[in-house]
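Protein chains in written order, with the UniProt record's numbering: chain A, 1 to 296; chain B, 1 to 439; chain C, 1 to 254.
Heads up, a few of these hints could be off.
Just some of the chain C residues that point at chain B, by a computed CB distance under 8 angstroms [said to hold, decoys possible]:
#1 LYS51
#2 ASN55
#3 PRO58
#4 GLY61
#5 GLY62
#6 LYS69
#7 ASN214
#8 MET215
#9 ARG216
#10 ALA219
#11 PRO222
#12 THR223
If you are wondering where the hints come from, they were derived from the structure by calculation, not from laboratory data.
Quick caveat: nothing in here was measured; it's all calculated off a predicted structure.
Beta carbons are placed, not taken as given, at the ideal position from N, Cα and C, and that holds for glycine.
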Amino acid sequence: MSMGLTIIITGALVAASCGFLGCFLILRRMAMLGDAISHAVLPGIVIAFLMSGSRDSLPMLLGAAALGLLCTFFIQSLRSQGVQSDAAISVTFTALFAIGVILVSLYTRQVDLDLDCVLYGEIAYVPWDTLYLFGNNIGPKAIWGVGTAFILSFLVVGLFFKEFKIVSFDPQMAAALGIPVLLIHYLLMGLVSITTVASFESVGAILVVAMLTVPSATAYLLTDRLETMLAISVGVGILSSLFGYWLSLIFNASIAGSMTVAAGIFFILAFLFSPLHGVVTRWLIRRKMRAATDQP
Amino acid sequence: MNVLTQIQQFFSDPNTLWVLSGTILLGVSSGVIGSFAFLRKRGLMGDVLAHAALPGICLAFMLTGSKNPLFFLIGATVTGILASMAINTITRFSRIKEDTSLALVLSVFFGVGIVFLTQIQHTNYGNQSGLDKFLFGQSASLVGDDVWVMGGVAIALLLFSLLLFKEFKLLCFDPGFGRSLGFPVGLLDLILMLMLVLAVVIGLQAAGVVLMAALIITPAAAARYWTERLDIMLVLSAFLGGLSGALGTLFSATTANLPTGPLIVVAATMIFLISLVFSPRRGLLSKAIRLAATRKQMARERVLQFLYENREQGYFDPLNTEMILWKYPMSRRRLKSALASLTKDGWIQVEQKGGSFFIRGTGEGWVQAYETVLRTRMTEVWMMHENEIGGNIREEGSTTGEIPPDLFEPLWNLLVKHGREPKWNPKSDSIAGEGGNVP
Amino acid sequence: MQTSNRPVSVRDLSVAYHRKPVLRDVQFDAPEGKLIGIVGPNGAGKSTLIKAIMNLLPLTGGEVQIYGKPYKEQRALVGYVPQRESVDWDFPTSALDVVLMGRYGKLGWFRKPKAADREYAMDCLDKVGMADFAKRQISQLSGGQQQRVFLARSLAQDARIYFMDEPFVGVDAATEKAIIRILNELKTQKKTVLVVHHDLQTVREYFDWLLMLNMRQIAFGPTSEVFTTDNLQKTYGGRLTVLPDLPEPVAETR
Ligand SMILES: Nc1ncnc2c1ncn2[C@@H]1O[C@H](COP(=O)(O)OP(=O)(O)OP(=O)(O)O)[C@@H](O)[C@H]1O
Ligand SMILES: [Mg+2]
């Protein structure tokens, strides 16, 4: 596999799985959760590192995923106690991140972690970090990790689609119908944690946060059906990774950064020209109508 | 070396003193601005603006080629304002919700910043290593000049919040109404965001992204628990922010090489958690206690009412407790605790006969039962004649419906009119026998 | 207690938000297959009562049973028409889809709505006169139409007891009559409907039974028996100047 292709595939997988879950996040008004999780996992990584004593990625992944879930648990508990949503998110992730940094400096001799690398992983290195099974090179680790996360999310959401949908739309009604709202909530949170963790190790937190929100927000402007929104979001995510990679080659800039910028450009296009909700579209329609009424 | 001498030493070190005053100022100013952001449901703005500073810093560096913090400040402020304008535009002109547009702007601006950063690296602008320091913060390196800048900005911010207090209050509570009153809501919002940007940007180099995100919201969220008034909340939030700064700095200076920033966050979080649990009105503990107390009070009233009503109807024997449950369903545990506390007060006596329990009132108990029933029935007729009687039944805060003394007389007359007056008065009973109706 | 066949049985219920109970002495057994109105002035505790029955608020005393069992075990039997503000109307979904959500409880895990469910949902939409709007995105419906979609959804839920908090707010007269017709139809299927209602003029016409509340229960019983001047005076604390028996509109002086 060529290097470029590997990077594109990884980016597309990240975009697809994040875009998929991101739709539910923005519909549940929890878009900032990706950012929160990507900061809050730090203590999990440090503890996993201290306990396993290795820089092996599996324990770190588990530690990070555990902390991600814990973070969503804290946020949910605070919210259920009547704490305003933005405060609950902010207080939780800043506290967890701070604890992480304190842990790092407490065990600074044992921890030989490059924080920048953990939190701001670079997708450009993906092709070199390959996985071996029985001594055979089975391809880049990132693709396996993110691919697994994607398939998992796809399966779970597919199985519980109607539950995810009603819990996002009207949790009170869902509870009245006997649907375990909290369980579905944590299922979604667990998927987001796993996907975030699996992705940012290889592509960096910023790309994950971007892919969780930007493509799904774009899709939100383009359709009025949830199923379509999911599909468009995945599509826009994949396009962003392609387009972003191309941009990064042209400008010789960070790949993850360029993919984010590409997604941003798609969003702006949808914001302006979406056939349903675009700013320019609506303006044009209004102008046409005014013209029609002016000269009947 | 004991802690006291450590602290003494700490205060004699001018460098740490600078750091201390810096972190306190930071806490105070972001506490005040954060309160408005919190009430505007924009608490996460701190996080967003801190991220949005990156492209500004990079741009400033690319344009000037220098690492002068002033240029960084200007660059970060410009992109911060751009970011908040982008957020406003997106939420205003599309159906995208606030939280989504925050996350969107955060990631796209930061992505642009990263692109710039790699540009700088690749095109060899020379040493760019200082750039991320600006973003990730090092309060240990605060020097005199920085603190002066912080102090100046903090005081300016405080003054502005004081001047525009009423306007900001309206903006946070009901912007639509503000617009209808003729306030330039858009402009006010911009000023508030500008102030927020300033508070975040001056904090960044000392504190870093995450600390700024925390300092904006955590003290404000904590302060909200202690008061229902905005002015008090502002003062309190400023105080708690400053306190977090001081505690974090002191702790960091007295323990070996723990970083100041995260300790400040931890201190602020502690203060928040304490507020969440222990604050007197909205705290979890007081809510739980209040619920339990009201439940118990309710159960006690039911027992007394039951006793009295049976006696009123001429039933003099001790009453089987099962009958209470039949009339007023409650858990056995609650009934038991109510009976126990009434016995402890000496208001009732409980006897066991066979497998059942029987209760009877004591002298004091009958008086209390009479008072309870009188109060309940008076509230009842009060409600029926709210319009003619006046007064505020719904007033909240008093325990179960005290009757204002000046309403006693008219309410009694109404009770008599409806035939609802308690027919047996234990107080006059001992003198006048059955039927003494005068309260 | 011998009331296990009663749809809703409330005994000595009291609820407090802070120290002072805002609702107490509520005690009634709702009969099956009746349209029951809940009336009372603003702040009487009508919404509080519904929330307390549906376990959304902690009780300070008393108990609630739905067909003889706690609400938790009987959720599937209870339909709820919440106030319109409670959901995000920008959600990417159509009117029909929202109504279809009412079927989710019956479907159980993993199964997708079938054509039969779709038809059922369509029927419900048709009943509330919204069939033409089935494909519309929900934010493009007017307030009254949204209210009707909610009603259709609760019909699709096929519950045995319905709670509706002010379903007629923002609804035109024709729609109000249409909704009442649907509620009467539910009645013939032995369903019990509790409706918070404000318009005293129509109480006699709409409801078989009446619960009159003002921080405590004033009266409960067949409308013809309890809807009296005396009870109304008690419920509204003497604030009603013109009583609904008279042809003039009711005026509340506050
Ligand atoms: N969350 C709350 N916290 C404190 N008090 C509350 C709360 N919600 C309601 N109350 C109080 O409880 C009482 C009953 O309120 P409720 O909403 O049940 O009235 P309602 O009968 O539905 O009135 P309306 O006709 O205006 O809808 C009111 O006095 C109100 O002030
Ligand atoms: Mg109400």
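Hint-by-hint comparison with the structure:
1. LYS51: Where the cut-off is 8 angstroms and the nearest Cβ of chain B is about 15 angstroms from LYS51/C, the hint is violated.
2. ASN55: Hint violated; ASN55/C Cβ to chain B Cβ min 15 angstroms, cut 8 angstroms.
3. PRO58: holds, 6 angstroms
4. GLY61: This hint holds: GLY61/C lies near chain B, its Cβ roughly 4 angstroms from the closest one there, short of 8 angstroms.
5. GLY62: holds, 6 angstroms
6. LYS69: violated, 14 angstroms
7. ASN214: holds, 5 angstroms
8. MET215: holds, 6 angstroms
9. ARG216: holds, 7 angstroms
10. ALA219: Not OK, violated: ALA219/C not within 8 angstroms of chain B, min 11 angstroms.
11. PRO222: Where the cut-off is 8 angstroms and the nearest Cβ of chain B is about 21 angstroms from PRO222/C, the hint is violated.
12. THR223: With a closest approach of 20 angstroms, the THR223/C hint is violated.
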